[in-house]
Amino acid sequence: MNDPKFDYYARKNPEHEHDHAHDDHAPVNEHDHGPPSEYEILSRAMQELLEQKNLITAEQVRKRMELFEEEFPYRGSQVIARAWVDPAFKQRLLADGRAACAEMGTVLEAERLIAVENTSEVHNVIVCTLCSCYPRALLGMPPTWYKSRNYRSRVVFEPRTVLKEFGTVLPDQVTVRVHDSNADMRYVVIPMRPQGTDGWSEEQLATLLTRDTLVGVTVPHVPA
Amino acid sequence: MASSQQSVIYPASTYTPAPAHRYNIGDRVRVKRAFPPGHQRTPHYIRGKQGMIERICGAFPNPEELAYGFDGKPEKTLYRVRFPQKHVWPHYAGPSHDVIEMEIFEHWLEPASHDDGATHGGSS
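Protein sequences, first through last, are from chains A and B. Mapping of the first sequence onto the working numbering: position 65 corresponds to residue 65, and the numbering continues sequentially without gaps. Mapping of the second sequence onto the working numbering: position 75 corresponds to residue 299, and the numbering continues sequentially without gaps.
It should be emphasised that the hints constitute simulated quantities derived from the structure, not laboratory data. Accuracy of the hints is not assured; some may be wrong.
What the hints assert, rightly or not - Cross-link-like lysine-lysine pairs, in silico, DSSO-like; alpha carbons within 30 Å at most:
#, chain 1, residue 1, chain 2, residue 2
1, B, LYS310, A, LYS164
2, A, LYS147, B, LYS310
3, B, LYS273, A, LYS63
4, B, LYS256, A, LYS147
5, B, LYS256, A, LYS164
6, B, LYS297, A, LYS164
7, A, LYS63, A, LYS53
Said to hold, decoys possible - Restraint-style ranges between C-beta atoms, simulated for each label pair:
#, chain 1, residue 1, chain 2, residue 2, range
8, B, PRO243, A, ALA95, 18 to 28 Å
9, B, HIS263, A, ILE41, 17 to 27 Å
10, B, HIS263, A, ALA224, 26 to 36 Å
11, B, ALA317, A, ALA224, 27 to 37 Å
12, B, HIS263, A, ARG64, 23 to 33 Å
13, B, THR240, A, SER153, 22 to 32 Å
14, B, GLY250, A, PRO223, 19 to 29 Å
15, B, ILE249, A, GLN195, 30 to 40 Å
16, B, ILE249, A, PRO36, 17 to 27 Å
17, A, GLU70, B, PRO335, 45 to 55 Å
By construction, the Cβ of each residue, glycine as well, lies at the ideal position given by its N, Cα and C atoms.
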């Protein structure tokens, strides 16, 4: 690790000299303190190799990160709002999530999507007990609590207690249907459309459909 | 960026054909109670438990092979299986109609007998 070309720490040193500008790279997380993890180093090394081979550019990587933060988180609420106003679309979404999203121009890339519908009899909630599988192309990056050991281990065996901690209290006659997103499918919840939203536009309805309602830990409400 | 993305062919559907599926929707199945070494997508808590086939997702590369750099072929049929919570967790505190569902590959399933109980439940 003494050769500065391969020494991550040496390259992070502002005094170092080399022949490329730092602006070509995706931004580093300024909130990180301490040395980078093994995976960060691996990921940097891989990106630099791919750039040197002209397979990707730093600009592409940056734009990709931007998509996950700026665009993907809003796709899910748009799709579900459409399902609320268009019953035929909802049926197609329930039958085949990917195909229905594609109709709206929302390409989920490799993700296989299953939509599950809340009714007055059934409440759905999503988890991945094995890791943190999440429909990222539809909802963006998963929230911290979704990845936490606490949520992943408890929502499968005491879902009603966990939901209550999120402020969602369900009567006993409602069936709680937990979905462990443990293999190739990804999931999104179609919540029940709240009372008092007759005549709302899709755009207005989408504002009620927060990330947590689409994972099923909360239900949408019309603001008082 | 956009042009390079569009050159990739993505699958049109969530589901893929599974011509050789052993189980059908509604069949009662048991997850094998096996603990082989290696990477698996079958959670430990569900091994040995009985449920009902909820849907057939299609044929997908075997994750137990993919994890070690192989191509995952031949593909394995993937099912969604519904389990009554009271059966999965004997001390489950909620009502008996609560369920948990997950994806299980065919080679992890075996037929369950009808009189074993614990296969009711669910809302459909």
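Checked hints:
Taking the CA atoms of B/LYS310 and A/LYS164, the gap is near 20 Å; set against the 30 Å cutoff, the hint holds. Between A/LYS147 and B/LYS310 the alpha-carbon distance is near 25 Å, which keeps this suggested pair within the 30 Å criterion. Distance restraint check for B/LYS273 and A/LYS63: the Cα-Cα separation of roughly 45 Å exceeds the 30 Å cut-off, and the hinted pair is therefore not satisfied. For the suggested pair B/LYS256 and A/LYS147, the alpha carbons sit about 27 Å apart, so the restraint of at most 30 Å is met.
Among the hinted pairs, B/LYS256 with A/LYS164 is inconsistent with the structure: their alpha-carbon atoms are about 33 Å apart, more than 30 Å. At most 30 Å may separate the alpha-carbon atoms for a hinted pair to count; B/LYS297 and A/LYS164 exceed this at roughly 43 Å. The hinted pair formed by A/LYS63 and A/LYS53 meets the criterion: a straight-line CA distance of about 19 Å does not exceed 30 Å. Restraint check, B/PRO243 to A/ALA95: a C-beta distance of roughly 20 Å satisfies the suggested window 18 to 28 Å.
About 23 Å separates the C-beta atoms of B/HIS263 and A/ILE41, a value consistent with the hinted range of 17 to 27 Å. For B/HIS263 and A/ALA224, the hinted distance range of 26 to 36 Å is not satisfied, since their beta carbons lie about 49 Å from each other. Between B/ALA317 and A/ALA224 the beta carbon distance is about 32 Å. The supplied range of 27 to 37 Å therefore holds. As the Cβ distance of B/HIS263 to A/ARG64 is approximately 27 Å, the hint placing it in 23 to 33 Å holds.
For B/THR240 paired with A/SER153, a C-beta distance near 31 Å keeps the hint of 22 to 32 Å intact. For B/GLY250 and A/PRO223, the Cβ-Cβ distance of about 43 Å falls outside the hinted range of 19 to 29 Å, so the restraint is violated. Between B/ILE249 and A/GLN195 the beta carbons are some 34 Å apart, a value that agrees with the proposed interval 30 to 40 Å. At about 48 Å, the CB distance of B/ILE249 to A/PRO36 disagrees with the hint of 17 to 27 Å.
The supplied range of 45 to 55 Å is met by A/GLU70 and B/PRO335, whose beta-carbon atoms lie about 49 Å from each other.
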